[in-house]
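J.: These protein sequence lines are chains A and B, in that order. So that you can map any letter, position 83 of the first sequence is 83 in our numbering, and since no number is skipped, the others follow by simple counting. So our numbering is basically just the index in the second sequence, starting at one, shifted up by 1000.
By construction, these hints were calculated from the structure, which means they are not laboratory data. There could be a bad hint or two in this list.
Claimed, not checked - Within a straight-line C-alpha distance of at most 20 angstroms, the following computed EDC-like cross-link-like pairs (lysine to aspartate or glutamate) qualify:
1) Lys18(A) to Glu1372(B)
2) Lys1391(B) to Glu40(A)
3) Lys1391(B) to Glu1372(B)
4) Lys1062(B) to Glu1267(B)
5) Lys108(A) to Glu12(A)
6) Lys1366(B) to Glu40(A)
7) Lys1062(B) to Glu1399(B)
8) Lys1062(B) to Asp1326(B)
9) Lys15(A) to Glu1372(B)
10) Lys1407(B) to Glu40(A)
11) Lys1407(B) to Glu12(A)
12) Lys67(A) to Glu1376(B)
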Amino acid sequence: MAFHLSIFVVNEPGKLEKITRVLTEKGLNIRAVSMASTGEFGVVRVLVNDPDAGLAALRENRFTVVKRRILVALIEDRPGSMHELLVTLAARSVNVEDCYGFVIDEGKRAAIVFEVEKFPEAERSLAGTSVRLIADSEIYRL
Amino acid sequence: MYWNKESETPQRESLERLQLQRLNSTLEKAMQAPFYRDSLGRNGFRRLSSLREVSQLPFTTKADLRNAFPYGFLAVPLENIVRLHSSSGTTGNPTVIYHTREDIETWQDLVARCMYMTGMRSTDVFQNMMGYGLFTGGLGFHYGAEKLGAMTIPIGPGNSRRQIWFMREFGTTVIHVLPSYALRLATHVRELGLDPRKDFKLRMAYVGAEPHTEETRRRIEETWGIKAYNSYGLSEMCGPGVAFECTEQSGMHIWEDQFLAEIVDPETGANLPEGECGELVLSSIGRAGTPLLRFRTRDLTRFLSGPCPCGRTHRRIDRIQGRSDDMMIINGVNIFPMQIEQTLMRISGIGANYQIEIHEDNYMDKLHVRVELAPETFAGTLGQVEGLQGKVCAALKEETGVTPVVKLLEAGSLPAAEGKAVRVVDLRKQPRREC
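One chain only, chain B, in its complex shape (with noise of 0.2 angstroms):
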């Protein structure tokens, strides 16, 4: 039942008391660093005698991580990291992640045990339909099901005529899918005639990478007859396998020997009492390559209080309710305004102006940006247009990893840019917030 017993089901004080000594000893560990040399080298660093001093610690946000980069965040010699992650995007500096073999070795040990907890054993066969490279989605969970021990298979997103192949040949009983694919691939699998509840031995899904509501998983479940749990996780502390539910479903349990929690207000930074809804804010406290204190993830959720059935004492925290800050959510990539301001405004031909609509249609998300092509470089011909829209398109493509619908409008149709004008028109069904 347990991956591992002691880890999972320790009493709270001696889960705080571990927890205080990963503090302090990831708070040395930062000290290497040179970021956290500066912060907290001039605000006085000391030992902390007590879990709720930690709220006197300076957050880290990611516009810390973008303006330490490369190796601003860097704790270890450099010869000791063995990976990095990092995110997509060439707008500003990426940020990066490092990590050390043990750092890997944790991380593969938190997934295994997310999976375990759910009821998947080494006689399971997991495809992993999630993106490798960069993306702590993919390499996250395939380290997590090898340690476990179950067959992997590494096919990454996409593609749903060879998923359903695989699926049905291998005879998958696990995988992990972004939730609206999830959807996505039983249309397809009824396209060819199959029947997602008889033909295929699936019996579980983890869905995770975006947000999505309590009735998405249960009409995933109903559609392919199995159980789908929600999975969070954020490359700043490792990746998948920071907090995941149990069979109760109800909450997502935050691995706390790991990452210590917070919920703060998102606009004052206070910490909440426990129950209200708020940003989640983590320190990474058994990390080497890259310690984050106090990481503002801007993924507002609550602590769910009492004790689980399930016997672990780990700290559920709500399915996630939205975000403190303006990151969209595509298909499960992440992309700020920011990023499609900047690269439109390096395009000549279009104007100032411009607004994103995310449009959902057959549980894919589609990304509309709308831009007014500038009337002084208007030539006159059709060609130049359509030149024009596939070339913002191919930029926008490369700068978020997602193809967006492009629209071009005559110059004047859009709100102008002074000003608090609506740039993002968010069109989905999206979770209701309750924050």
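Just chain A, same shape as in the assembly (with noise of 0.2 angstroms):
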């Protein structure tokens, strides 16, 4: 199972650098953030390469934050791929709840990482599809 790390945070001005100065104190690799927000305050989802280590050192300095379960899939960089998964997911009625990317090797490869409402279904009804979910183990080598 992979994790992304979910903080709650009031939109003020320090707030997200905070969180990565603790991440960076800790020597974590940040892979990659979204947030999302009503304007007053936000949910801020960082994957990092040790979500363990992540979450305490976040909790040790008064962060709330929470562990949530992801999937990640590899797609090619290129026109069209990002269309691609989507279909297959929407076809196996897989509900994305929260989704973010980035690019590994520009042209190459980017990683799609998603939050499903019902994770093992959506996990085996992927199975036997074109998408490629990266073993837990790769994605925080990523």
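Bring the two chains, given one by one in their own frames, into a single complex with the hints.
T.: In structure tokens, the structure reads:
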């Protein structure tokens, strides 16, 4: 099982900087960040190479943070590949609750991180499709 | 000039004689209520031989009223009661005041007296912009105006466009309004391209139910080109009509034929010399349903000395300077911090620390409640946090009647619950406190 960190933050200057400082001090590598906000407050997702260490470090610094389960799909870095991925997810009725992505090698590979509604089911229903889910152990080494 | 010359301009000695006589008969009536039967009976109740002896009677507090819920202060058989008024909220018991038919009639007459004093007549058109219902502000003025004989528009609060439409169509000459709303309404008038001074027949506003400065009153007068008169009342005594300004606009005449007023030190409860600022303590001396003796109003004021040029001999009190308890008044709605605390404690997902801020924007009070998200309940989605915010907002609205702005913060953002944490920060321009 792979995880990213989900952190509650009030929208104020300097809040994100505190998160990255804590992670930096622990020598953690941030692979991707995304944020959803109401304008007043938001939830920041951070994909780090060691989520348990990140969780502990942020909690130590009084952050309101949890680990959340993710699926990571590998796609080609070319026009249409994201669309193809979503077509497959839709065909298998996988409901995406959160999603962000990042390029690994420009023009070659990109990773798409998902939170989905039903976990083992979603994973199973994508087996045998063109979607390439990355093994948990690989995710943190991306 | 007088609604009832005899009642409004008696010699002080005869007024005080009447007060003593009514106080003693009220004592007798109060003994029919379970609460007073216990408290006065224990202390060896007897008739008082002078008004000064009233200070020997114990105080009655809002907590007494709550603890004696529902009928502990009822002094007549229920069949003689025709109405009740009650505080809002569900935290603890509400305070309930019962009215007999005579109580209602006396109250109407008092409010009519107040209105007549300022120059309102049966030819006036009266638009009542206060809340109707359990709150006494709306109904109290409504029946007073009807008693006086003026056409009364029971429109209630809010909906500025409709207020303005009624004022224009029916040529409203007198309004009863929250001072903050009087100013906000004027901004709506201007938005409609109208001039509050020229396009209305308005000539007077009665303002009350929330503390306001003399500057605010003058601004209301200037904005509308009218006279604004301060009104004072509290549901425990009847509602509005306890004290009111005459055309001198120099303090409010407290109707001493119906209420015995004292000013006490809020800390010690000792009576203060005339003219000193302290807490107003009132005994209702003309009421039957729920007579109250030495009720602690928690309102801070003082007696203004000297006779009033209007000829009325009832003493005047200064505008209310503040409260001796922590009650907040938000757009005329009374709220205690405890109501907010208890509501918050019933909601899972938020921490024990909270902070209340009262902001003022365009003459409107806004209640901000700052709470912390409980880290152990955080599931990690924005939807969950937004849902929690909505839930806190709805629960506070249900308890207080006021829609708050709920600010969700990270754990550790607010001062800890122990000790004397500052829970309420009032950022409004308040009447200057001289007590």
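J.: A separate judgement is required for each hint: does it hold in the structure or not?
T.: Verification of the hints:
| no. | hint | in the structure |
| --- | --- | --- |
| 1 | Lys18(A) to Glu1372(B) | 18 angstroms, holds |
| 2 | Lys1391(B) to Glu40(A) | 16 angstroms, holds |
| 3 | Lys1391(B) to Glu1372(B) | 14 angstroms, holds |
| 4 | Lys1062(B) to Glu1267(B) | 16 angstroms, holds |
| 5 | Lys108(A) to Glu12(A) | 37 angstroms, violated |
| 6 | Lys1366(B) to Glu40(A) | 17 angstroms, holds |
| 7 | Lys1062(B) to Glu1399(B) | 18 angstroms, holds |
| 8 | Lys1062(B) to Asp1326(B) | 13 angstroms, holds |
| 9 | Lys15(A) to Glu1372(B) | 16 angstroms, holds |
| 10 | Lys1407(B) to Glu40(A) | 8 angstroms, holds |
| 11 | Lys1407(B) to Glu12(A) | 13 angstroms, holds |
| 12 | Lys67(A) to Glu1376(B) | 12 angstroms, holds |
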